[in-house]
Amino acid sequence: MTERWHPDERLPVIARFEVRRRAYLAPDGSINRQLPAFASDTRLLVRLYRAMVLVRAFDLKAVALQRTGRLGTYAASLGQEAVSVGVASAMRNEDVLLPSYRDNAALIWRGVKLEEVLLFWGGDERGNHFSGPVQDFPFCIPVGSQAPHAAGVAYAFKLRKEPRIAVCLFGDGATSKGDVFEAMNFAGVHKLPVVFVVTNNQWAISVPLRLQTASETLAQKAIAAGFIGEQVDGNDIVAMHASAEEAIEAARNGRGPRFIEAVTYRLGAHTTADDAAHYRPTEEVQARWKEEPIVRLRSFLAGQNAWSKTDEEQLSAECQQHIDAAVDRYLAVKPRPPETMFDHLYAELPRAYAAQRRELEGDD
Amino acid sequence: MVVFGEDVGVNGGVFRATVGLQQRFGPERVFDTPLAELLISGLCVGMAAQGLKPVGEIQFMGFIYPCIDQLVNHASRLRNRTQGRLSCPMVLRTPHGSGIRAPEHHSESTEAMLAHIPGLRMVIPSSPERAYGLLLAAIHDPDPVVFLEPTRIYRAAKGEVEDNGEALPLDVAFILREGRDVTLISWGAMVKETLAAAETLDAEGISAEVIDLATLKPYDAIPCSARWQRPDAVSSFTKLHGPTASVPRSPRLSPSAG
Chain A
5 MTERWHPDER LPVIARFEVR RRAYLAPDGS INRQLPAFAS DTRLLVRLYR AMVLVRAFDL
65 KAVALQRTGR LGTYAASLGQ EAVSVGVASA MRNEDVLLPS YRDNAALIWR GVKLEEVLLF
125 WGGDERGNHF SGPVQDFPFC IPVGSQAPHA AGVAYAFKLR KEPRIAVCLF GDGATSKGDV
185 FEAMNFAGVH KLPVVFVVTN NQWAISVPLR LQTASETLAQ KAIAAGFIGE QVDGNDIVAM
245 HASAEEAIEA ARNGRGPRFI EAVTYRLGAH TTADDAAHYR PTEEVQARWK EEPIVRLRSF
305 LAGQNAWSKT DEEQLSAECQ QHIDAAVDRY LAVKPRPPET MFDHLYAELP RAYAAQRREL
365 EGDD
Chain B
753 MVVFGEDVGV NGGVFRATVG LQQRFGPERV FDTPLAELLI SGLCVGMAAQ GLKPVGEIQF
813 MGFIYPCIDQ LVNHASRLRN RTQGRLSCPM VLRTPHGSGI RAPEHHSEST EAMLAHIPGL
873 RMVIPSSPER AYGLLLAAIH DPDPVVFLEP TRIYRAAKGE VEDNGEALPL DVAFILREGR
933 DVTLISWGAM VKETLAAAET LDAEGISAEV IDLATLKPYD AIPCSARWQR PDAVSSFTKL
993 HGPTASVPRS PRLSPSAG
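In order, the protein sequences belong to chains A and B.
All letters in the first sequence, in the order written, are residues 5 to 368 by our numbering.
All letters in the second sequence, in the order written, are residues 753 to 1010 by our numbering.
Worth double-checking, as some hints may not be accurate.
[Said to hold, decoys possible] Residues from chain A that keep clear of chain B, each with C-beta distances beyond 12 Å, as calculated:
#1 Trp-9
#2 Pro-11
#3 Ala-19
#4 Leu-39
#5 Val-67
#6 Arg-164
#7 Cys-172
#8 Val-193
#9 Gln-224
#10 Glu-287
#11 Ala-329
#12 Thr-344
[Said to hold, decoys possible] Have a look at the derived ranges for each label pair, beta carbon to beta carbon:
#13 B:Met-865 with A:Asp-32: 42 to 48 Å
#14 A:Arg-51 with B:Asn-825: 53 to 59 Å
#15 B:Asp-759 with A:Thr-72: 55 to 61 Å
#16 B:His-868 with A:Ala-351: 18 to 24 Å
#17 A:Gln-325 with B:Asn-825: 36 to 42 Å
Worth flagging that the hints you see were computed from the coordinates, not collected in a lab.
Ideal Cβ positions, reconstructed from N, Cα and C, are used throughout, including at glycine.
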């Protein structure tokens, strides 16, 4: 709790702020409070469940590919699947997603193929020439640098009076970057149609949240930018989807930007190049496993008699089939000849580079 | 097209470059941003990817460095890293160089740093005609362009320019003066001085050719290298511009370069 500057109570309070926390499903799948209307749509919930399960299985396979030398360094989303799926499922096709590098689930929900994700992490730019909405931004590695892009995209929507919104995803580490505040600040000034979602998984590689910020919540950073933020249990997909739906609707209807802090936990390492045991105790990770999003939703669905053991086995088999087929397609892709590095350097390759390109062609 | 930056809207820019634009096109298309250069360059990327034509201004080149992340990591490679699915047709304008008795950090000429960013274009006019024609070309260009505006000649170089909507070509140098004995290559505010130097040489019986590089990146290697077959050419250049100047070089700079 922040201390007060002045004990003098006669000084007028000129601003007060509050941050609320949204949660519906407890870790064991039981209900905390009345569920939003869409939660009675079992088919939707099952779709969300299947999406999370697919991504988790896909991540496992991707890690295995990396360990066997068939993929580059890879960042899995273990533990935070509900954030990406919850947000992406609330978006329309014509909206634009600006992801970080740990939002596979959002890309896949919006139509990016598994083999395209593998191509990207395999070091092939064709992975960013992906399926799904053609205006979605690609994976973003420089942390938080996608936030100003989101503001620019949203500005275009507002200028052209289009009922579209930009959704920008980033992690807790990103909220320490100037990029993110500059973008949020501008979005606030112009009431832009953009929703900023921070996946607060408690870790920026090995740096824990307490070293990242002294702010009591990340959601309150929106207040400094002049708009509303809410904190959400990021492992509760019902809460994530509800929050995203409401934020997106507000932004789409001209009520300005919104900020969602999705509190979750990075159950895996930062990437396949990281050994998290160096900096965090296994007991902590084990404890957090009890709050994870997939089991939580499964428990809820089972409690509603909407999901059985057979369903689970069937889904598991389908995912494996789907993933294996994608891996085969990925492994079958031939690397491109080196001169193709000039193909999209500019719209039209300037004369100054033509000789270099010819030189590479000649070497083939 | 949208124009934005610090003080470019109501005030018309600290060098008056955008005077009248907001009045004419409105505050949605011509606006003042918060004080945030990284934001300005990042906005350009997002807007350009959405098909707007953003023309951002960085108030002085000394303040462009927060934009390096957006220029190197995004603007210059968005087309390549999405294999053409997205592109980044943006212009980032900034006052360049010294000569107006500005405070420190207001007289930067660090184009050599930006010249090594693949996928970027960098253009610098040396006269009113080339300012008009090259800026138009930069705006029409489908790729990101950093447009440097030499502060010293905002006012000092005067000339009539017909508002005919005709752009000059990018990626080519301009031969401003023919000569046989030595080639002098220059850009920006120094072109005026180089032309004056050529006149002085002329009086001494030396015929000097003057080339305005104009597009610093990618620069026009062919006409220049043809002339660099003369050993005198490069040494004259460094004498004029001093050891701190550097010309972005193509991989081979020899008579056989083509």
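- Task: Determine which of the earlier numbered hints do not hold for this structure and return their numbers in increasing order.
- Result: 6, 7, 8, 12, 13, 14
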